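Asker: Just need the whole structure built from these sequences, with the hints factored in.
Quick note, the sequences are listed as chains A and B, same order. Going left to right, the first sequence walks through residues 1 to 88 as the working numbering numbers them. Going left to right, the second sequence walks through residues 1 to 237 as the working numbering numbers them.
In short, the hints are calculated from the structure, not lab data. What you are looking at is a predicted structure, and each value in this text was computed from that prediction instead of being measured. Quick reminder that beta carbons are idealized off the backbone N, C-alpha and C, glycines included. Wrong hints could be hidden among the right ones.
Restraint ranges, calculated between C-beta atoms of paired labels, are given here [what the hints assert, rightly or not]:
no., chain 1, residue 1, chain 2, residue 2, range
1, A, Ser49, B, Ser36, 54 to 60 Å
2, A, Pro66, B, Asn42, 32 to 38 Å
3, B, Glu157, A, Met1, 42 to 48 Å
4, A, Asp37, B, Gly97, 29 to 35 Å
Here are the chains, one letter per residue:
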Amino acid sequence: MSEKYRVIVQLKSGVLDVQGKAIESSLGELGVDTVSDVRVGRVVEFSASSGDDEIKKLCDELFSNPVIEDYTIEKIASEKIASERITS
Amino acid sequence: MKVGLVLFPGTNCDHDVVVASNDLFGADPEVISSRSRELPANLDLLFLPGGFSYGDYLRAGAMAKVSPIMKSVKEFGEKGGKIVGICNGFQILCEAGLLPGVLLPNKTTRFISRPVTLKVENSETYLTNSLSKGDLITAPIAHFEGNYFAAPEVIKELEENNQVLFRYCSSEGEVNHEDPNCNPNGSANSIAGITNAKGNILGFMPHPERAIGVGVPLDNPAYERGASRSELFSYQG
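Answerer: Dropping the structure here:
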């Protein structure tokens with residue numbers, strides 16, 4: 001049976017986020033000076049009937065680069081009533 | 001000498017590598033599709049040229065590293081086969097774990113396309129042994145993700161093991177990690193290229209294959225030692 005997953009990939013803290021910095025400077029153009037520390041990540045959603053181990057392997061080997069990125073995996077309940085964080 | 005190059009979907013610097021290989025080594029590279037499962041037998045040197053393999057989707061080089069050919073490329077590298085990754089090729093080698101570290105977006109947040117000066121740090125590799133340590137060479141860079149990054153202990157090991165191949169510098173040879181005039185993209189320790197521990201796998205962001213014949217300024221001491229313009233990189237065993 002297929003489950004829906006959402007993987008959020010983010011840069012490790014301490015790694016320079018060039019996109020985040022560029023966005024922060026654009027905020028100034030919008031007249032916003034109350035927002036800082038912008039960091040941009042990536043979301044990958046998919047359906048899978050594999051086990052948690054295989055999904056973690058996918059995250060370690062393809063969806064993220066472990067040198068610079070961390071990820072969280074969430075199982076998205078089909079009714080969208082709740083989501084269960086299964087690993088981080 | 002048998003030379004090969006791997007063509008991924010989106011690789012676009014293969015033609016320059018073909019010209020450079022013919023010019024420098026007298027060898028016409030065999031073009032290998034990334035969909036092949038085996039490298040040709042008896043390969044002496046394999047190029048991974050630059051470009052935008054898989055559109056840089058996910059991360060530059062990330063999808064290329066799972067192409068069918070990469071298993072054979074990894075085995076070739078692990079057995080001591082000579083691999084040269086240029087720009088996107090360097091990114092692919094890092095993603096595949098054949099070289100340490102990663103190429104992050106340039107610190108300037110811009111795609112940089114201009115000639116840069118490089119200081120030769122390691123003149124013992126098969127690609128740089130016609131040069132001397134400290135020589136300055138010119139080559140264009142053209143990249144958005146050229147900012148070399150690795151954990152501090154990895155950088156320390158690269159420096160101590162003589163694995164830094166080229167360093168970005170000013171046209172006068174000044175190395176200054178914080179000055180964009182010296183280090184265009186913010187790379188750690190101004191690193192423009194590295195080798196693996198054994199020295200058979202090389203990776204660098206600049207494109208010397210786009211500077212054949214113009215890469216070395218005419219007043220460079222290399223010419224006094226008899227190097228001709230096309231011997232900027234000369235394979236000597």
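Asker: Compare the structure with each hint and give your call.
Answerer: How the hints compare with the structure:
no.: 1; hint: A/Ser49 - B/Ser36: 54 to 60 Å; verdict: violated (31 Å)
no.: 2; hint: A/Pro66 - B/Asn42: 32 to 38 Å; verdict: holds (35 Å)
no.: 3; hint: B/Glu157 - A/Met1: 42 to 48 Å; verdict: holds (47 Å)
no.: 4; hint: A/Asp37 - B/Gly97: 29 to 35 Å; verdict: holds (31 Å)
The earlier numbered hint that this structure contradicts is number 1, and it is the only one.
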